[in-house]
Amino acid sequence: MADYDEHKSNLNEPELHVGPEYAVAERDVSEVVTGEIVTGSSLWRDAWRRLLRNKLAVFGMVVVVLIALSAVAGPAIIKQTTGFTYDSIPKDTRLLRSIPPFRGPNGEFSWKHPMGTDIAGRDILARVLSGGQISLMVALIATLVSLVIGVSYGAIAGYLGGRVDDLMMRVVDVLYSLPYVIIVIVLLALLPAKTPTAQLAQLFFALGAVSWLTMARIVRGQILSLKNQEFVLAARATGVSTPKIIFRHLIPNALGPVIVYATLTIPSVMLSEAFLSFLGLGVRPPRVSWGSLAAEGAQNLAVYPWQLIFPGLTMALMLFCLNFVGDGLRDALDPQMRRD
Amino acid sequence: MNDQNGNLLSVTDLRVHFQSADGTVKAVDGINFEVRRGETLGIVGESGSGKTVANLALMKLIPTPPGKIVSGSINFNGADILKLSPAELRDLRGKRIAMIFQDPMTSLNPFMRVSKQLMEVTRLHLGHSKAEARAHAIKMLEHVGIPDAADRVDSYPHEFSGGMRQRVMIAMALSCKPELLIADEPTTALDVTIQAQILELIKELKAEIGTSVILVTHDLGVVAGMTDHLIVMYAGKIFEQASTKELFARPGNPYTRGLLRSVPDPTHNAETLYQIPGQPPDLAHLPTGCPFAPRCERAEEICTREFPPFVELTPNHHSLCHFANEVYTESSAKS
Amino acid sequence: MLRFIIRRVVVIVPMLFIVVTITWALVRLSPGNFYTGEKKLTPAVERNLREKYGLNQPWHTQYRKLLWNIARFDFGTSLKYEGQSVNQILWRGLPVSAALGITAYLIALIVGIAMGTFAALRQNSWIDYGSMALAMLGISIPNFVLGPLLVLLFSLTLFWFPPALWNGFASRSIVLPALTLSAIYIAYIARLTRSGMLEVLRSDYIRTARAKGLSERQVVMRHALRGGLLPVVSFSGPALAFLITGTVVVEKVFALPGLGNYFINACFNRDEPLIIGIVAFIAIAVLVFNLLVDISYAFIDPRIRYT
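Chains C, F and E supply the protein sequences, listed in that same order. Residue numbering for the first sequence follows the working numbering, beginning at 1 and increasing consecutively. Residue numbering for the second sequence follows the working numbering, beginning at 1 and increasing consecutively. Residue numbering for the third sequence follows the working numbering, beginning at 1 and increasing consecutively.
A couple of the hints might just be wrong.
Below, computed lysine-lysine pairings styled on BS3-like, alpha-carbon distance capped at 30 Å [to be verified]:
#1 C/Lys55 <-> F/Lys68
#2 C/Lys194 <-> E/Lys80
#3 F/Lys83 <-> F/Lys26
#4 F/Lys68 <-> F/Lys130
#5 C/Lys55 <-> F/Lys95
Label pairs and their in silico Cβ distance ranges [unchecked claim]:
#6 E/Val175 <-> C/Gln299: 51 to 59 Å
#7 F/Gln275 <-> E/Met1: 33 to 41 Å
#8 E/Met15 <-> F/Gly127: 49 to 57 Å
#9 F/Thr64 <-> E/Val175: 40 to 48 Å
#10 E/Ile127 <-> F/Ser71: 26 to 34 Å
Looking from chain C toward chain E, a few residues come up when the C-beta cut is under 7 Å (computed) [to be verified]:
#11 Ala120
#12 Gly121
#13 Leu175
#14 Pro179
#15 Leu187
#16 Ala294
#17 Val303
#18 Pro305
#19 Trp306
To be clear, the hints were calculated from the coordinates, so they are not data collected in a lab. Beta carbons: idealized from backbone N, C-alpha and C, even for Gly.
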């Protein structure tokens with residue numbers, strides 16, 4: 001749901017939070033205390049320092065990196081050591097179906113399946129990690145797609161301005177008020193791609209297509225405010241062409257809110273992919289993602305609850321930490337925009 | 001009711017500190033002043049001098065997470081405001097002490113009709129019924145010079161012009177005939193022509209109701225015609241205090257002198273406008289000695305070493321400076 | 001204001017047109033047909049079926065017919081549910097979904113605003129950190145995980161509520177689904193309320209209110225709340241759009257006979273009239289609701305002037 005910028009308080013532009021009215025007392029004080037001028041490069045260093053001071057964000061980053069690493073390297077390691085993969089069905093299936101965590105076939109304690117097995121006897125830990133691979137990949141690439149579309153669209157609209165800008169933003173408004181996800185559901189349900197790779201590609205684009213709108217608005221807003229500043233005039237005076245101005249000069253300066261929003265888009269897209277997979281529309285067998293694992297687990301909830309709990313909680317943990325990092329980034333980058 | 005000296009308000013050793021990322025900011029660092037009944041006191045200083053913080057402290061309006069009134073006493077009519085219970089404090093605010101702020105656009109609730117904002121005060125403190133409060137509100141608006149008051153009383157703040165809004169604020173503040181009115185830079189956000197009108201209005205109402213006034217500003221031109229007594233603040237301290245006439249005629253402090261020189265004199269054909277050099281100090285990291293020393297044209301070695309004494313030049317004129325007497329003599333010679 | 005409303009209402013028609021066209025195109029472009037089941041039909045039967053449903057006519061004729069019918073609110077009959085008109089199905093499913101959605105959003109408003117206000121008033125206290133952590137949890141646990149977990153705890157272990165049943169709005173069967181659906185909105189609304197209130201509480205006009213001698217409670221209730229809740233109002237517009245997709249998932253988890261469930265099944269069944277009917281309905285609902293939100297925004301903030 002990162003489409004909605006929480007700090008949007010007027011109807012039209014989802015700007016990042018502009019400072020509240022300070023009590024005069026604080027203003028008196030702060031004008032005196034902060035004497036330095038923040039230059040270009042130290043902006044990022046300042047932001048990084050501020051981010052590091054935020055313990056929650058740091059904790060979030062650590063966990064995110066840990067889970068990401070496990071997802072990337074885990075499946076291979078597990079395959080090497082135990083031979084389990086996300087769809088390896090053991091020979092003696094009856095013995096190994098739906099084993100609870102840390103138990104062996106006869107109820108004795110065993111290290112073999114820390115998360116238990118599913119109804120087909122597959123090791124859930126391996127499945128969760130593989131699912132993580134897919135979920136993360138989809139989230140990152142879909143966010144990238146949405147970034148590329150949104151930033152280009154917003155930058156072009158913002159820079160060209162006038163009627164072109166009006167028209168382009170009108171289109172965004174129209175799209176914003178459509179029940180977009182519903183149409184995406186229809187699309188995914190009715191036009192399944194043939195190969196698993198094509199399926200994934202379709203998913204990237206479908207998810208990216210849903211979330212680029214707010215990014216476009218944010219970028220446009222930034223471009224509009226930067227457009228008339230001096231360095232743009234300087235670039236134009238030396239004859240730099242329009243596309244160059246947009247991509248080389250304006251976009252790097254609009255980067256702050258873009259980074260924040262992109263970081264918040266990742267968990268949102270991950271969630272979208274998950275519920276699409278849950279409904280059977282996203283990642284389909286034999287591939288697994290956290291959403292599809294949750295769907296399977298939900299079916300046998302009463303009897304084998306761990307089949308839902310492990311993928312579900314892993315995903316919740318990941319989203320939890322991603323959101324902390326996103327919030328922390330926003331707090332770290334925002335002071336330059338005079339937030340509280 | 002006054003205290004023994006006939007003072008309505010008497011502030012003793014007030015200190016207000018703020019916690020910031022850079023350390024403790026001593027916004028107000030030990031000030032003392034009095035306001036007599038019926039008197040107008042002016043508090044002058046640059047931004048960051050602590051003048052606004054001092055005034056907010058008078059009604060305990062300092063935001064307490066970052067700020068804290070560390071010590072001092074504020075004696076109003078014989079009772080120390082800092083020791084009052086929350087209920088007693090609320091009884092005081094708006095009824096016996098009232099405050100108007102710098103920016104009337106942001107100081108009035110944009111979502112609430114002016115009538116409701118005015119009626120709130122009298123219904124709370126004077127026990128008016130809705131009808132009484134409304135009639136009173138209209139009367140106050142007429143009093144402050146808002147045309148068609150009865151029609152416009154139900155408007156929203158953004159439907160008034162800047163000067164009108166400040167009049168509304170004044171009407172609101174004076175609704176309960178307070179004994180003390182604190183005006184924090186009431187004209188800074190207004191056009192020059194409107195400024196004079198507002199100041200005139202405050203003067204008239206003061207005469208009529210008998211309110212004492214504390215007028216806070218950075219603009220010496222404003223205080224000249226309005227105040228009886230002046231305090232000059234810098235870096236959270238009082239640098240000079242005297243009657244207005246005395247201060248303008250015979251300043252006893254280099255800072256005050258600098259301020260007076262900065263007021264452009266249209267009769268004098270100067271080549272450059274005078275400005276006190278340098279910047280106000282970082283209140284979290286004050287230097288030893290006199291806080292004004294880095295910018296003072298008269299500074300000597302002792303000024304950076306020792307904190308200056310609060311010298312009594314006349315019984316009613318004090319200056320915080322190592323060379324107060326010298327500066328005073330020089331000023332007297334000139335005038 | 002009136003011209004603004006009329007303009008927005010008028011815009012609904014072309015939007016609907018776009019939505020219906022896109023949906024119809026997607027259905028037509030997709031491989032397979034609604035009658036493609038396990039059995040392969042004989043050519044004769046297939047021809048009859050196509051005749052019956054008018055599928056042999058050229059596409060633009062069918063398209064025109066579709067538009068004409070929709071203009072008269074006639075969405076046709078379902079292809080999968082024998083003999084039931086789409087309107088009938090809409091009529092049946094709507095109360096379920098509406099009850100679920102409205103209850104969930106009301107819970108979210110009440111709990112979220114309360115939580116956010118307390119957090120703002122006691123900034124940096126345990127209440128603040130606690131409720132924001134809870135809010136973060138609400139955003140992070142997907143509803144298809146939370147739902148089953150709630151069922152596990154409250155239905156299968158404690159036996160307080162039925163696991164997957166629908167007895168109507170006033171029964172216990174609405175509790176778990178509504179809670180599941182509302183979780184993420186409680187979270188967002190709490191956060192929005194907190195930041196909105198914090199911003200307002202720092203305003204000059206709140207300082208004025210305090211200087212007038214109002215108690216903290218009066219300051220909050222009379223002065224701060226209105227401005228502080230504005231972000232929540234703006235949020236409600238897009239929130240509805242997401243509420244709809246949330247309803248789809250929750251109805252599946254709890255097996256509720258609502259529009260969401262019908263919609264998903266229609267998609268998998270390629271039940272064209274039902275798909276188009278539900279999508280059209282959702283589009284209208286979203287547009288109307290957004291308009292209502294914008295109007296109420298103008299009522300709350302007197303500075304807004306629509307032309």
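Original post:
Which of the numbered hints above does this structure break?
Top reply: 4, 5, 6, 7, 11, 12, 13, 17, 19
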